[in-house]
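A.B. asks: So the sequences go chain by chain: A and B.
Our numbering numbers the first residue of the first sequence as 1 and each following residue consecutively.
Our numbering numbers the first residue of the second sequence as 1001 and each following residue consecutively.
Simulated from the structure, these hints should not be mistaken for laboratory data.
Since this is a predicted model, take the numbers as computed values, not measurements.
Treat the hints loosely; a few may be bogus.
[As the list claims (entries may be wrong)] Once the Cα atoms are required to be at most 20 angstroms apart in a straight line, the calculated EDC-like pairs of lysine to aspartate or glutamate come out as:
{"id": "1", "chain 1": "A", "residue 1": "271", "chain 2": "B", "residue 2": "1039"}
{"id": "2", "chain 1": "B", "residue 1": "1096", "chain 2": "B", "residue 2": "1112"}
{"id": "3", "chain 1": "B", "residue 1": "1098", "chain 2": "A", "residue 2": "196"}
{"id": "4", "chain 1": "A", "residue 1": "271", "chain 2": "B", "residue 2": "1036"}
{"id": "5", "chain 1": "B", "residue 1": "1096", "chain 2": "A", "residue 2": "196"}
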Amino acid sequence: MKMLRTISSSPITISLSILVLGLFALTGIFAPYLANDKPIYLKVGSESYWPIWSGLKTIPQSDGSVIRCEYEYLNGIEGIEAVWPLVPFAPGKANITGMGYPPPGTVTGGRTHFLGANEVGEDTLAGIIHGAQISLKVGFASAVLLLLIGLAFGILAGYFGNDLIRLNALQIIVISCSFPLAWFYGFQTRQYNLADALANHFGLFLIELIFSVLIFIGFITASIYLGSRFLVRARWKRYALPFDSLVGRFMEFFSSLPTLILLVSITTIAKPSMHLIILIIGFTSWVSVARYTRAEILKLRHSDFMNNCKLTGMSHTRIVVKHLLPNAMGPALVAFTFGVAGAILAEAALSYLGIGIPHNVVTWGKLLAEARSNFDAWWLIWTPGALIFVVLLSLNTLGEYFRKRINPALLES
Amino acid sequence: MSKIGRYLLKRITQIFGVVFLLSIATFLFSVNGSIDPVDQVFERNAGSLTGAVAKADLERQKERRRVELGMYLPTFYVSLSSMALSKSQYSVHNKKLKAWVKEQAYQGYDCDALVAYANERIALLAYDELLGNDAYQIAAVQQKLNNTIEGHLTFLKKVMNLDLRPEIRQHLQIGERHLLKAIEQRAVWKTKIPVLRFHKYNRYGQWLFGSPATGKGFIRGDFGRSIISRKKVSKHILNVLPWTLVLSALSIIISIIGSILIGVSTAYLQGSAFDKITHSVLFLLFTVPTFWMATLLLMFLANPDHLNWFPSGGVAPLQNFAEMPSVWERITASSKHLVLPLVCFSYGGFGYLSRLTRSSATASLNATYIFSARARGLKEQSVVFRHVLKNALLPLVTVVGGILPSLFAGSLIVERIFSIPGLGREVFNSSTQNDINLLLAIVTISGLLSAIGYLISDILYQVIDPRIRLEDM
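Here chain A stands alone, though its shape is the one from the complex (with noise of 0.2 angstroms):
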């Protein structure tokens, strides 16, 4: 009866949550190795290869003929030496000689559908490896960005207050306008550039794009300084900047955001893309750090620390960075644990249902969906459903332990 100990707090599941989570983030860093239909390390010839990692497709041949680097093509061919990874199927690639859901153990070809194929021969195995990749980008970017953009606000409202800031109306003019300019310096005037670079290469669409984020952050910056520098002194009204009562009716009006159709209809009016889910989940789930980080601060601000910091005359950067991110940083991870778990679970419910995620793009939600019009392939039903499942409960274990080892009294909100 030891054994029933409460399972969220036992070390030992503990451990195994630790352990499955490590499993789930190497196989989603080291998918393309995994699970692949092109070789790891090639030899033909005197040449050596290494496909994977160079991208490499074809390799021309001195007699004008082209060798293509797929298992399919390589695996007729004598005198090359190749390494496969363990898998050697690409995810989401038809196989003609398995099709028709061939379960698990079948062979076709030379190789083994470890656990089995759906109607047109997809490896279920190369799926799931792969599909860890996009649960583990689109969970962990979501949770970076629903943490950023939460600890951001939470600090807003918790340490500037309502009365720490205090502006005359001519720096809340220009501050106020600089806005606007940096949108339409930042991005409105760089559309088409934007447009253009997104249709041609996402790299340089990033550029693009980190270019637009800079003028944008330069403007509003400039217009701080200029602010704090010069405008200071005008003689205009002050007033008070209630940071702590504008977060306040931000975080109300987030979290009666009816989400998930929000996410729903978006993503299907909007061209599927991953980026968009993250961006979407990332924004509309980032009020419970907010509200966590909020609340560690305001009991921290009157701390004997806290007003020694202020009497040495450190600036507000240098107090928020050094000494209050790293006393708030205990809510906000747990509330980053529960935030990996629901992008993850969201993303498997919208490509489950087939929308959001791009066609091409193999995830569990979408081997799961497969399985819907054969459920005699048991393979499709329960491994995925199994993984994303124990994935989600090792998330919300940890996420519990934290909270307890944290807070005890710190509530799910």
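Use these hints to put chain B onto chain A, whose structure you have.
C.D. replies: Below, chain B without anything else, positioned relative to chain A:
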């Protein structure tokens, strides 16, 4: 004004704020989305059409519909754009040409002249007599069109070399004059100057306050008509709302009753094997994704090869349902269909609420007033029901308001899997076709409902626990 009155006023203003912000956000996403609802409407006809003339006719119909729907109006009351653009851009009633004009204007070409050129081209398109040879000749040249401004100039020159009727030629000549003027008056510096413009007539305003074409407006309770089916949006919603409401209400009731039973009993038997097993099972149950649970249930209980206990989808038997005379018969007929969706709907909330009830019941069982109640010699029953239960309900009340929106969201997945004609299915339909009026109605209604849910739970919280003052929240 009394305290409660002031509090309610504040909260209701907030609710309206939420609804309007939500509607603006959805509106912007929908307007800038990549799906054009008018294209969706005409898609069915487009497949069967062949020939340039028939296609041109279809395009004309589409444009007429777009103008009818006010799709060429500015989006919002205020717009921030560059000085190079002018308000005349909204008079270009053609999707492709409008985008083209905007793109060229952002390169500094004179916007008004571009608009004039575009309108000449549109006039050409609208020429009903532009049939036969002329249309084919122009279309042949247009296929090789390079979409820059120079490309359009060469297009005009090539077309004018053709043997065309004089009235068409006249349009082309005027168009060329405007195009040359646009190039001549190019001013790149204008693109770098931001201008704030106000638009009295705009799409959001029409949706909000109504217009002769769109109805009385959202603010007077009119959601307008669906773009796709042209039926009233309120009719659509009233058709689909009952099933969602039935499912959510039943699942709330089930999960609350179940979680009180389980929560209080596990708290009472704290530390026993029953408590520990239940606690672990609930934790697992809470984590199972809805769609996996639904798939498993379908596989085991609605599978002809396995156990075929329940139907796999729908809300009622397809045959004879409408003819069933008594209400009772209808309920029994459709209850079989609702079992699996209801299970999927409720188990998550049940797991969560049970854990919550258990922890609060544990806290109150250990409280001193329970000790004193027992010391007074009260019966164990009355200790549990009168003292523990009442205090254990407290967190439930706050959470019920919070799970209202998540229930609507949950209905999205469950309704889709079990093909239930509810609000969730309508979200899918309206967003895959970008039916803006329907979508806005659904989003604002669900936002409103969830905001009201929070308000109700806050008020109930105060009613149950008088220690909490309204101002604290």
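A.B. asks: Quick check: which numbered hints come out false for this structure?
C.D. replies: Failing hints: none at all.
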